[in-house]
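Throw the hints in and build the complete structure from the sequences for me.
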Amino acid sequence: MTTGRGIALAFLFLVASADEAAAHSPIPGMQGFYLGMLHPLSTPPQLLSLLAAGLLLGLRWPGPFRYCWPAFAVSCLAGIALGQWGWLRGLEDTALLAGGIAAAILAALLTPKLTAPCVAISAWTGLFLGVASIPDEGPAWPVIVTLAGSFVGANLALVYLAFAVGSLRARFTAQWVGIGLRIAAAWIAAVAALMLALLLVDPTSGGGTGM
Amino acid sequence: MPDFFRVLFASLLLAGAALLPSLALAHTGTSVAGGFLSGFSHPILGWDHVLAMVAVGLWGAFLGAPAMWLLPVVFPLVMAFGAVLGIVGVPVPAVETGIAASAIVLGLLIAFAARPPLWIAAIIVGAFAIFHGHAHGTELPDAANSFAYAVGFVIATGLLHLVGIGFGLPVKKPAGRIAVRAAGGIISMVGFGFLLGLA
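Here the protein sequences come in this chain order: A and B. Residue numbering for the first sequence follows my numbering, beginning at -18 and increasing consecutively. Residue numbering for the second sequence follows my numbering, beginning at 116 and increasing consecutively.
To be clear, the hints were calculated from the coordinates, so they are not data collected in a lab. Note that the Cβ used here is the ideal one computed from N, Cα and C, for glycine as well. Careful, some of the hints might be misleading.
[Stated by the list, open to error] Cβ-Cβ distance ranges computed for the label pairs, FRET-style:
id, chain 1, residue 1, chain 2, residue 2, range
1, A, GLY44, B, LEU233, 22 to 32 Å
2, A, VAL55, B, MET304, 32 to 42 Å
3, A, PHE153, B, PRO232, 39 to 49 Å
4, A, LEU90, B, VAL205, 22 to 32 Å
5, B, VAL203, A, TRP122, 13 to 23 Å
6, B, PRO206, A, LEU58, 44 to 54 Å
7, A, LEU58, B, PHE227, 33 to 43 Å
Set out below in structure tokens:
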């Protein structure tokens, strides 16, 4: 048997057996961590703001990222703490969409020398992603595990997005790649503006997603 | 295959693919897919929208870089502003007339090979984008899944720009230039048809 066939068979076996393995969380309580990790991608305001911030930082990679990520991470922790105390709750969707619009417009226009606005937008996004991550009331430990997952998930999403966009631009130097990313940013700004308008017209709509 | 035919083939393929979602119109229900298809099909099934979107791409290609790429960045941003006006209920006068006028004006600009400064081109396109956005925005709150609807109609609008850019790329060749200007004339005439209620 060749090495390639062996790898293919091993991969098939893994795929076939994954269902059984997934039925059991490897560490007790870790399911909450996984759910928390996915939470920043679970609602349109969070997703749009992360996409916009990722594009903004990726289009200027590595430049302001060294300041923006720490600002994002610290603000995310602050947002979690403030949200746990009940502060800023209820504002997160509006704030995330507004921040997403600002980030996406800055990304689409690709204006130079914008370290301070990039840091401010990253901090804003992190803060309200932290507030949005607060789970329902429950025992302390599961809440902490879920919040830890949300914190890790939000940071990973931002880092991966920014890195992916930055790598894409570095790998493909053709002009249209950068322009395509800016067009994507314009589309994200457009969708976020629509969601924000819907949210302001009908706060119970959750941005028109029935949340 | 020469670049011209490759671009033309890709544009036709994209245009054909963009028309396909009309087959799924029966499903405008509560699902994400239903909302997306509803939003995606809204600009594509309205021929006045199609003409204007394609004309934006066509004019951008005619003007060349950076207008070719700047106009598709400007249009969705301003269109979203128009849609926000529609959602919050701010009236914009003569929306349908504005949409028809966008096809007429953009078509004439292409037909007469107008080359204004980039910022004037952006203002012209942006002004018309408000009418298109308002028309989409007034229908958005009725959509079951507005997020999917918004994503669908923004992507469809962008793809229509790309179709226009694809058709406009042969403008560098003498025959292509004539074809693009003729297309502008046709767009303008059809726009008149919309304005007069003939189309």
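Right, here's what the structure says about each hint:
1. Separation of A:GLY44 from B:LEU233 is about 26 Å and conforms to the stated range, judged on CB atoms against 22 to 32 Å.
2. The hinted range of 32 to 42 Å is not satisfied by A:VAL55 and B:MET304, whose Cβ atoms lie roughly 60 Å apart.
3. In this structure, A:PHE153 and B:PRO232 break the distance hint of 39 to 49 Å, their C-beta atoms being roughly 30 Å apart.
4. Judged by the Cβ atoms, the range 22 to 32 Å given for A:LEU90 and B:VAL205 holds: they are separated by roughly 25 Å.
5. Against the hinted window of 13 to 23 Å, the Cβ-Cβ separation of B:VAL203 and A:TRP122 comes to about 44 Å, which falls outside the hint.
6. At about 45 Å, the beta-carbon gap between B:PRO206 and A:LEU58 stays in the expected band of 44 to 54 Å.
7. Between A:LEU58 and B:PHE227 the beta carbons are some 59 Å apart, a value that contradicts the proposed interval 33 to 43 Å.
The earlier numbered hints that this structure contradicts are 2, 3, 5, 7.
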